[in-house]
Every structure is written in structure tokens, then in C-alpha cells.
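Sequence order for the protein chains is A and B. Heads up: the first sequence is residues 1 to 323, going by my numbering. Heads up: the second sequence is residues 324 to 796, going by my numbering.
Please note that the accuracy of each hint is not assured.
Claimed, not checked - Okay, derived cross-link-like pairs now, SDA-like style, lysine to any residue, Cα gap no bigger than 25 Å in a straight line:
#1 A/K122 - B/G759
#2 A/K122 - B/G618
#3 A/K176 - B/A704
#4 A/K122 - B/R741
#5 A/K122 - B/E745
#6 A/K176 - B/V731
#7 A/K176 - B/M375
#8 A/K122 - B/R742
#9 A/K176 - B/E745
#10 A/K176 - B/E760
#11 A/K122 - B/H668
#12 A/K176 - B/D752
#13 A/K176 - B/T756
#14 A/K122 - B/G744
#15 A/K176 - B/G744
#16 A/K176 - B/Q748
#17 A/K122 - B/D752
#18 A/K122 - B/E749
#19 A/K122 - B/T756
#20 A/K122 - B/P671
#21 A/K176 - B/S540
#22 A/K122 - B/A704
#23 A/K176 - B/G759
#24 A/K122 - B/M375
#25 A/K122 - B/Q748
Hints are computed from structural coordinates only; laboratory data are not their basis.
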Amino acid sequence: LSRVAVLKGGSSLERQVSLRSGARVEEALERLGHEVDRVDVGSNLIARLRDFGPDVAFVVLHGRDGEDGTVQELLEILGIPYTGSGVLGCIRSMDKVLTKHLLRQERIPTPEFFAFNETAFKRLGAGETLAAIEDRLEFPIVVKPASGGSALGIKFARTAGDVPGTLISAFSYDDKVLLERHVEGRDLAVSIVEDAKGPQALPVVEAVPRDEDFYDFEARYEIGRTTFVCPAELPENVTARAQALALGVYRLLGLYGFARVDLMMENETGDLYVLEANAIPGLTPTSLLPQAAEAAGVGFDDLVARILELAFKRAETALSTSH
Amino acid sequence: MKIDDRGRGPQEPGEPKRVGRSPSTTRDIERYTGLFASRTRGMKSSAMRDMMSITTRPEVISLAGGLPDTRSFPPKTFAAVANKIAAEECAKALQYGPTEGLPETIECIAEVMAAEDMRVDPDDVIVTTGGQQAIDLVTRALIDPGDVIVAEGPTYPGAVPSFSSYQADVVQIDMDSDGMRIDLMEETLDRLEREGKRPKFIYTVPSFQNPAGVTMSLPRRKRLVEVANEREILVLEDNPYGMLRYEGEPQTTLRSLDGGVYVMYLGTFSKILSPGIRLGWIVAPAPVLDKLNLGKQAADLCTSTLSQLMVSAYFEHGRWQDYVESLTEIYRARRDTMLDALERHFPPQAEWTRPAGGLFIWATLPDFIDTTDLLARALQANVAFVPGEGAYMDGRGRNAMRLNFSGVNEDDIREGVRRIGEIVQEQVDLYGTLTGEQQAPARPAEEPAPEEEGGRVVQMPRRRTGEGRARNS
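One chain only, chain B, in its complex shape (with noise of 0.2 Å):
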């Protein structure tokens, strides 16, 4: 009898019956549904997502990703850390580690926040499969069903889904230029204080922001570390592109202002070596760091030893750093080209942020447009981007949109923004011939986008009244 390679090749006559997997039944789908965990209900995938899984074909410009441009990673580089892994630590790259973390890594760990003028205890650190496990495990150790998580407004999309999966009530705070509103953080926290609810942290990408691309001002960070500390609130600060400046001068994390009191700190390697390896750290409190470790246990045991060696012996091979400020001339330079094409190409009704790092900007529409609708007229002219609504928990950010600037060329950001650009200027044409109206703009043409300085709103789009998602028919 043929080995039965799932099936394939017909079946001779007079073979036995292949026993392969019986086909699913409704009454299976019911059995099962009747066994998922009730915190599963807040799990949900979407259209977004089923639509998303287009970008991936060859033809599609994508900047809906928030890839790192790992292209420029020297081929050589890679080669000498294997090869010496292999030589010399090849017994040990290949065995379980600490659930912490090697402590060459965590050597590492210390050098890139000391880049970043912070100071750590190495026991202060848990090695993570990258940053977005220590998300998950924060979530995880602070979160019972219906616990507050205060968060920007929009988030990091990748951050919903986790919060989700712990049935967290995630309350967003609205943004402008200088980061999250902190006085409306407070009047937040004061109204939930009112109804009894405490909020267990306060969850923020205060440099260059995913989605929104804007940095929290110092004045800002101050405020809100000590706000922290009045309330005894945790912070969680997610800083993936804090090194990724293309101006201006390096902000004080909030960590550095606290001294790791209430701020826990996440870091990771993805936006500085490489996103495959799937590295990054958790830095907190002694207690926290303690039950986060446990729950490391029961998620993984210990992060991949592979590649924490790799990290330790890239760093060991040659300045870091190096690579690094390559990277931040790539993405400067994609960066202004982005600004440039969207200046050119989008309608004057359109605003967007200038971020003067990392890897994203937003975009905001006029608000009879629904960007999860418009994703799909630009997956037909083989251009796709991050419809807002995935960065927020309440239905907001549905004129909203995430532009990546790290992960394709210079020439393709041209052509995208310009794809994306004539379908927005179709759809306000439309519009006005729908209506009548001509769109006032929501900025004089002849002017630049809006600077990044104090107190510009950021238009953080309100929910569309009277429109729901329609059933089927």
C-alpha cells in the first residue's frame, strides 16, 4: 500500500478504505462551539482581515504591513554569527534555556536601552518571543474579565487582540501632535473612578506612535508618569522605534522618568536587527516581573536560545548601531518620499501626520468615507494600506488609515500613495456630485501639511451616526 501523503494519487481498487479526517458536520461545529472558553467570543476575525490576506500577492503594493525592510540585512553578517554559533555554542543553541532569558542576551538588552539612556538591573528583565508577548503576558498576569486597560485612541492594532482575548474593557484617549491627551487621560480616569472601575494600566507607544505615528511631548510624558504614580496605576510603554529618529532630538522615556516604578518597559529587536527572530523583553517591578515570568512558563518556557545567541553573538560581531543608522537613512528617506506623495497626490479634504520616526503615518479622510470599503476599491488597483478601524475598540478610525513607509521601495510608495490618492479623489468627487456640495477642504491647499507642533488635533474620527453594518442579504 502507497504511504498515504494526505491523499494524493488515486486509490487502487481493492486498497483498504483511507482513514482520512471526517468531514465536519454541523453537529461537530455545535459540539465545538459549545466547548470554546466564553472569552473566545471576543475574539473574532474580520472582513479586514480575510481581505488583508490579498496584500500578500505579488502584484499588490503594500503598504498596509509594518515590515522592517530586511532586505538590507547583510547576507555576510547573518552567515559569521551562524557559523560561529555553530562552532562554538552549538550544544547549547540546540537545548532549552532559562525562562528569563540567557544572560548574554540580556547583556545585549541593557546595551540597546542604554543607547536609549536607560539604565537596567539585569534581573529587572524577562527575554520575550518578541515584543508581542510581552504584551500578552502583561495582559495575561493584570487583566480579569472587565478590567480597564487604558490605551491611545487609535492603538496598536496588534495590541486588540490580545486585549480582546482577555475580555479587557479597553477605554481609548484620544491624541493630537504631542501624543495622548493626558488631561483627557485624566478626566477618563476620574469617570472611572465615579463608576467604580479602576483601571490596571495604562497601555502607550509614546514615540512615534502605531498607528498615528506622533511622539508623546516631555511635558506630557512627565504628567503622566506621575499620574501613574498618584493613582498607582501601571504603565506599559511599548517602544519598538524609539531608535528610529529621523529629526529632531531623543525623548526621555517614560521609563527613565519613573525609574521603573509604575513603568514597565517593552522592548524588542525587530525594528533594530530583524523581526524573524522574534525577539524582545519585558522590564518591571520585582512582583510583576515575577508572575509575568510564570506566565512565560506556562506560554512557552523560554524564549527560542537560537536566537537569543544569534543576538548575542551579532553584537559581539560589530557595532549594532551600525546597522541601525542604515536603516534610519533608508527609512528617512522613504519617509519624506511618502510625505511628498501624499502632498501631491491626496485631496485637499485629507490630513495626515508627519512623524518624525518609525515606521507609520495616518491619514484621515473626510468622514463619508468608510477606508475598510475603500481597501477593497484599492485591492483593484493593487494597493492596500490598514483601514483605521482595526486601531480602535469602538467602531471609531472608520475614515482613518495606516500608511507604512519601511517596507517597499522609494518608487512603489510613489505609485501607491498615487493609486490610493486618485481613488480618495474619486470618491470626493463623487460625493460632491451626490450631494451638490463642493467638500470644503480640511486644510488651504496651497499650505503644507500640518507640522508636528503643540496641540494640533490629530482628527480622530467620531463614529458615523445612523450607519450600521448592514445584514446579509
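Pulled out of the complex, with its shape left as it was, chain A reads as follows (with noise of 0.2 Å):
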């Protein structure tokens, strides 16, 4: 039985997110018998975390801060173990716009996509290349912020009037922005949980949106608003090349533990392909790992506990090898 610090909260726009993934892991680790230290990541967190000493720490921040590295290399100089991916998993998996290039690179599907800076615009004009993006890409156009796990800041340009507008809500959130090329077809993810044989996926879930014609934000983690059809209704092959990419990408990116990569199948040809990783995914109980977990016959008490032993191990092989 160990001292866990949930590190939860801060002052990421998916606050209120986290503090429910938060609340659910803290009763979890009660129930299995853990002494909990809440922690509502600020300006203390240090402080906290040295007067508290705990034995590792539960990561369950959701956005900057918490799942781009920051917070973990914290961990990392404070000697804590704690959950989840590693420094580089976590900002290869934040920042959308690295994670499609090593897609890229390593040829796993995802679809096209260019990425800009506010510089770009700003100093080199970048503006006059919008035709011929808009050309390559093709109405309706997905612009997004390069960073944020949730769908916030995310819109669709359906003509070449709306993509200023549209770039313009995206640079609010980060000073980086992709426009992407918009697959129409079905929205699914595949949850990744390590074990002792190493990274497993769960069954696919399939997000299907109710009434809305776009699966949101605010559907995303309301009870109702969308269904969730797990395992997702698909043909056998479907299921397991999505597994498969999934896991694909968890290897590429050096995820650790536990993670969510998104995905699209394409109604027309049937093709999948990847749009991002999550590196710590929502916790939340409408929040699709704990549903896919537990579609995997895992309880999300084990699912906590597994998560956390991985936590410890991480920690021992770091100390075993250097030594």
C-alpha cells in the first residue's frame, strides 16, 4: 500500500475534465487501500509534493501542463514515480503536428494535413499559400490548434471565407495550427492498456453522435449526448488493423502505460486513419479507455491498480539500469 499523490486540475481549459477523472481515480486508490494526497496542480505543487513525500504520483491532468511534459519532468527531477508516459511520449503526443509527421514518416495512415505558426502568417506571408492548401486539401477543411486533447478550438472551414475565421478561433489556443483534410466516416478509438506481455488495445469504441451533427465538446463528456458502442460494431479485419495502427503508434511515440489514439474510418473506401494520441486520456466515467477497459472485462479499480504497478516498475528498471 503506497502514498499516492493525484496530481489533478491546474490551470489547463480541460480543468474541470481532469477533476472528474480526478475525483473517480482518488475513490479507486481508496478503495484499494492507498493514502491519497488531492492534489489540485498550482503554484504550491512542489511544496506540496515534498511535504506530502508520496510514493508516486497518479497523473490525471488533462492539456497544458499536465500532458505535455511539463509536469512529468518535474517528477522526474523530484525523483517521484508516477503514471502514465514519460517526458517524450507526452510532447510527442501533445503536439498534434509532430505526431502526424512521425505518422508520416513511418507511413501509418493519417490524413493530409499542412501546420503553420503564427510567424508564418505574420512575417512570411504564409496567407498566399492558402488557395493552393485549400486546392490540396478540399472543402469541408478541418483547422485545428496543434496542442489540446480536447475538441476545443476545433472547427470546420466548409468555404475559403470561413478559413481566416476558422484559423484565427484555433490560433486562440495555440500558436501553432493544422489544417487537415476532412475524412467522413466513423469515429473510433482504441485504448491501450500495458500488462506483463507489454501494451495491449482494447476493444474499439465507436463514438456515435445523438442529435448533434458533430461530435463536440460539450457532448464529449456528458452523459447522453453521445452513444458509445463498444466493442464497435466492425468487420473482424477492421477491428484488428485499428488495433493494430493503435499499438503502432503507441511504439512509435514511446507511450507508456496507458494511452487513446484516435482514429477515422472512411466511409467511402473503408481506409483508417489516425488523427491523434492522447497521452493520458480522460478518466471521466463517460470517458471511452475506463469503457473500453471494462468492455475488456478490466474494472476501472483494476485498471487504477495496473496503471499505478506500471508506475513502479518504470521506476525500477530506471533505477536498475543505472546503477
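With the hints as a guide, bring the two chains together.
And the structure:
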């Protein structure tokens, strides 16, 4: 039995979701008999950790600071074992542009895209390339900030006239944005959890929006707004391929412990495309990873216990290799 | 065995397994979903609301709230009032009270209404748990699913969840600097009639409207009351800010014009005393009042007796108007500070209203700026406002924002507006770079901001064409 600091909340835009995920993890940890310190991450984080002296940190932060490697780096410095991916895995998955470049390099299918930072537009006149981009990607084009695990700031441009406004929206969240070909199709998520044999892909979840046009931020975290089908009703070979792709992404990005990979299955071709990976997917009652784990026969408490174990295991491995 | 304080502390070996709340599983969620009333489908949380939770962090200058400045309330007065209740009315304060409210509190309400030139029969009043409950009770009593409520566009964002939860069809009428466009309202009523729909009531904040900050002119007030009488439609006049006037002459209330035949009047102590005591009231025609009373019995039996006695003791303690006057001084200076700061820091493409009272300014930005996204950017700069979309039920308001000037001091107002202005300017510049266009100013830079005079249109945004919320990807 361990002293576990649950790191949650923070000042990211996904604070609320993180608090919900955190509360659920805390309950599970307590049922498992651990001593829990509930930490709403802020400027007193280091003092708080030194004071409590945890055996391990359970990181349930989403978005900036928590999912981008910042908190992980601090925990490395403090020598506190922590759950989930390490610094590099976080950096690679938080930045969708970096993720997509890596995917492209490995020939893992991802929708065609172009990425810019604000400087490109301000100082290099990148605005003049928009017409060429629009030609290449064809409308509608998905415009999104490079970072952020939620759907915040993600917009559709249906015509050339929409592009500047959607770019400005995306730039509100990050100074890097990407324009991506829209894949019309089914929205799939493959969660991955490691066990003794290594990373295992869980059953595929399909998100089916109930009454909105799009599966948006609101629907994502709210009971009853989106129907999740798990396991997704897919041909066996498609399920297998989605899981294989997700595992490939997981290894490519250097993720650890658990993660979720979002994909699209194109209606017209049946092809699968990887959109992004989340190093710390939501653990709220409506989140996809816990649902997938449950479908695989892994209850929430078991899931939390396993993620915790993996944190210790990594720390031990690191210790044994450094001596 | 140790007492289970929500499971803190390690469990001793051999201790019986702690019985905790079991984790909610997917099946649980599905099970609960099946049990929800269909009307809860209309009750939505939003990205905006989630983001708003960050605005309460201490480093954020929040121009988002609608908070009165409770710091200016004298603690001595509070202590005197509390002591008096403890000494003289302790048992009563701790007891249930009548559903419609305590007679001594209703006397205070009559006094406040008299200060705005209204006479009221105490029998026509129900004391409510804040003005918000009055909105809820009226909607509950009058609205079947699909019934129409006519409201201003933009409307009070806090009324939206109430209207939604009763599945009202809210039709919003554009405003200009003279308040709701009654001509458009009449056209809309005609159209609704042709469609076989009959609105149940018209919801309006005629003075210093939340969020637009504009005030309905007297001719429009008169016409609104006439229309209500001609068409036999109720009006819910929500007047929380009427006493917070910083310039000009008091406006006649709709209730005074109508005599209480079709106008239901909603008041509150939130802005003239304190929002924390949660005390408001509703005045309505007797048959309506009876239904509201039954609704209130169902909702909470009675308003807090302690809060009601605090009001009556406070009114006995001294002139309640003195505090309102002191607030008026504070807020007037803050409004002026905000208007100056807007003039100084917002780009010429922005427009805003000049409220003669109340707590809010409504600013409209170029239509390529989505203020919900802008809020995300503003929060990185530790400043917050309310995005306009919350004041509409039809997707409009996306390029507008509500700014509150009552809740923070003048330095923070200046700094907060400066930060927002800087970000807006950045986005305007970026748009210029993206499109190669210079943005034509909405108002000439050298001219003062729009004055509040007849007929000037408060720009109420349209839904942007071709743009939806993108799917998660």
C-alpha cells in the first residue's frame, strides 16, 4: 500500500474534466487501500509534493502542463515515480503536428495536412499559400490547434471564406495550427493498457453523436449526448487493423502505461486514418478508455491498480539500469 | 476500526473491506441515461461553462461575473443586524415560514418598490429565493414543452437554463440602444400567430439590460404594455438594476404603466443589499400568483426565514438607500473607467454599449472573432469575460462579449480591458494578414463611442455562415 499523490485540475482549459477524472481515480485508489493526497496542481505543487512525500504520483491532468511533459519533467527531477507516459511520449503526442509528421515518416495513415505557426502568417506571408492548401485538401477542411486533447478550437471551414476565421479561432489555443483534410466517416478510439506482456489494445469504441451534427466538446463529456458503442460493430479485420495501427502509434510515440489513439474510418473507402494520440486520456465515467477496459473485463479499480503498478515498474527499471 | 473519513488514511491489514461508492461503470451510465426525463436533454453543460471554472482562480482578472461589490458592505451593520435577530427573533429565524414570505419582509419589498414609484398590495407578493427562483417559478407555471417565450436578443444568460429545462421555444427579438425592438416583436407575434403558436409570456429586463446594458425607452415601454393587453400575453419584467442608475432620470416601470394586469414584476435584494442572502420577489396577478405559490411549495416550501429577517432588521437599522447610493457612486466610477479603457484599448472595429446604469457593457467584435475561442486565449493572459453565445439560444452572439464593471476595482478594470484589447487587436491584425484586407473600422477611430440615443442599432451578431462546431478529431 502506497502514498499516492493524485495530480489533477490545474489551469488548463480541461480543468473540469481533469477534476472529474481525478475524483474517480481517488475513489478507486482509496478502495484499493492507498493513502491519497488530492492535489489541485498550482504554484505550490513542489512544496506540496515535498511535504506529502508520495511513493508515486498519479497524473490525471489533461491539456497544457499535465499532458505535455511539463509535470512529468518536474516529477523526474524530484525523483517521484509517476503514472503514464514519460516526458518524450507526452511531448510527441501533445503536439498533433509532431505526431502527424512522425506518423507520415512511418507510413502510418493520417489525413493530409499543413501546419503553420503565427509567425508564418505574420512575417512570411503564409496567407498567400492558403489558396493552394485549399486546393490540395478540398473543403470542408478541419482547422485545429496543434495542442489540446479536447475538441476546443477545432472547426470546420466549408468555404474559403471560413478559413481566416477558423484559423483565428485555432490560434486562440496555440501558436501552431494545422489544416487537415476532413475524413468523412466513423469516429473510432482504440485505448491501450499495458500488462505483463506489454501494451494491449482494448476493444474499439465508436462514438456516435446522438442529435448534434458533430461530436463536439459538450457532447464528449456529458452523459446521454453521445452513444458509445463498445466493442464497435466492425468487420473483424477492420478491428484488428485499427488495433494494430493504435499499437504502432503507441510504440512510435514512446507512450507508456496507457493511452488512447483516435482514428477515423472513411465511409467511402473503408480506410483507417490516425488522427491523434492522447497520453492521458480522460478517466471520467463517460470517458472512452474506462469503457473499453470494462468491455475487456478490466474494472476501473483493476485499471487504476495496473497503471499504478506500471509506474513503479518503470521506476525500478530506471533504477536498475542506472546502477 | 477507524472512522472512514472518505477513506483517507491507509487501511490496516485485516480490517474489514471498506464499503465505498462503487465505481460507475458504462452500464451504470446507460442505466441512468434511461432514467433521465426527456426535458433534461435541453439542459446542456458547455465548453464555456467548463472554461469559466478557471476564471475563479485568484490570478485571473474576471470581468465575467455579475458580482456586486460585497466588500463595500459595512461589517458593523451586518453584526448589528445579526445580533438583533439573535436577541429578539432567534426561534422565529430558525423556523419555517409562510410560503409567500414574512409580512415584515414584504413591507420592505413594498418600500423598495415605492422608491421606484410603484405601489403594491402585500397580498400580490411572493418572496422568492433570489430573483432566479422567480424566473423558474413563472416558467414552471406557464410553459408546456414547445410553448413560446419571447425574450430580448441577447437575453439574461442565467434565464437560458431555466427556459431550456422546461423545453420552452425561446424567440429572441433584436435590440437597439432603446431596448427591445417592439416593432420587430409585433411582427414576430404576428408570425407566431400565423404558425398557430401563442407565446405565453414576454421576458424582458427593461432597465440596464443584462447583458446588453441598454434601457428600453418610454415609448417602447408604453407600446409593449399595450401589445400585451391587446394580445393578452403576460410580461415578466425583470428589474434587478433599476436603482443602480448613474445618469439620467428614472424610467417608469412596465408594471406602473400596466397596473399589474399583464405585467408580472420581478425584484431582488441582490443588487441593493447582497446576493448572498438569496432574496427576491415576484408580484403577479392573483390567479397567476396562486400557481406560483403552489410551485414554490413544491420547490422549497418557503424562502429562508433567516434571510428574510435579516432584510427586515436591516431596513429597521437605518436608511437602506444610503448603501445603494454608495454602491451607485462606486459603480459609476467603474463604468466610466471601463468605457475609457475600451476607448483606449479596443480596436476601432469593436463597438460597445454605454449603459446608464446596471453592471454590464456589451461589446461586439468583428464577426471573424469567436468570443468563446477568444476567452481561451484571454485566460492565458489571466483575464475573463462572458462570451456572447450564452445570451442566445440560436447560435448567435458568437462575436460578442459581456463585460462586468461592478465586481473588480478600477485598476483591474483598466488592466483587464487592456489585456483583452491587445488580444483582439492581435486577431484583427492576423485577419488582415490572412486575407490581405485592411479591416474597415466599424466606427471612425476619432469619433466617440456610440451614444445611447434613439435608434442606434446595437450590433447583434448573426450566425456565421458555413461554420459548425467541428467534430472531435
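Margin query: Given the hinted pair A/K176 and B/Q748, is their Cα-Cα distance within 25 Å?
Written below: Cα-Cα ~19 Å, so holds.
Item checked: Distance restraint between A/K122 and B/P671, which requires alpha-carbon spacing of 25 Å or less -> holds (20 Å)
Notebook entry, point to check: Holds or violated: A/K176 with B/G759, Cα cutoff 25 Å?
Noted result: holds (20 Å)
Check: Regarding the pair A/K122 and B/G618, is the alpha-carbon distance no greater than 25 Å?
Finding: Between A/K122 and B/G618 the Cα gap is close to 59 Å, so the pair fails against 25 Å, i.e. violated.
Margin query: Hint check: A/K122 vs B/E745, CA-CA at most 25 Å. Holds or violated?
Written below: holds (16 Å)
Next item on the list: Starting from A/K122, check that the Cα of B/H668 is at most 25 Å away, please.
Entry: The given pair, whose Cα atoms are some 21 Å apart, holds under the 25 Å limit.
Item checked: Straight-line alpha-carbon gap A/K122 to B/D752, limit 25 Å -> Holds, at about 9 Å.
Check: Given the hint that A/K176 pairs with B/T756, does the C-alpha gap stay at or below 25 Å?
Finding: holds (16 Å)
Check: If you draw a straight line from the CA of A/K176 to the CA of B/D752, is it 25 Å or shorter?
Finding: Holds, at roughly 17 Å.
Notebook entry, point to check: Does the alpha-carbon distance linking A/K122 and B/T756 stay inside the 25 Å limit?
Noted result: Roughly 6 Å between the alpha carbons, so the hint for A/K122 and B/T756 holds.
Notebook entry, point to check: Taking 25 Å as the top limit, are the C-alpha atoms of A/K176 and B/M375 close enough?
Noted result: Roughly 24 Å between the alpha carbons, so the hint for A/K176 and B/M375 holds.
Margin query: Just to be careful, I want the Cα atoms of A/K122 and B/E749 compared with a cutoff of 25 Å; is the pair within it?
Written below: Satisfied, since the Cα-Cα distance of roughly 10 Å is no more than 25 Å.
This entry does not satisfy hints 2, 6, 21 and 24, going by the numbered hints stated previously.
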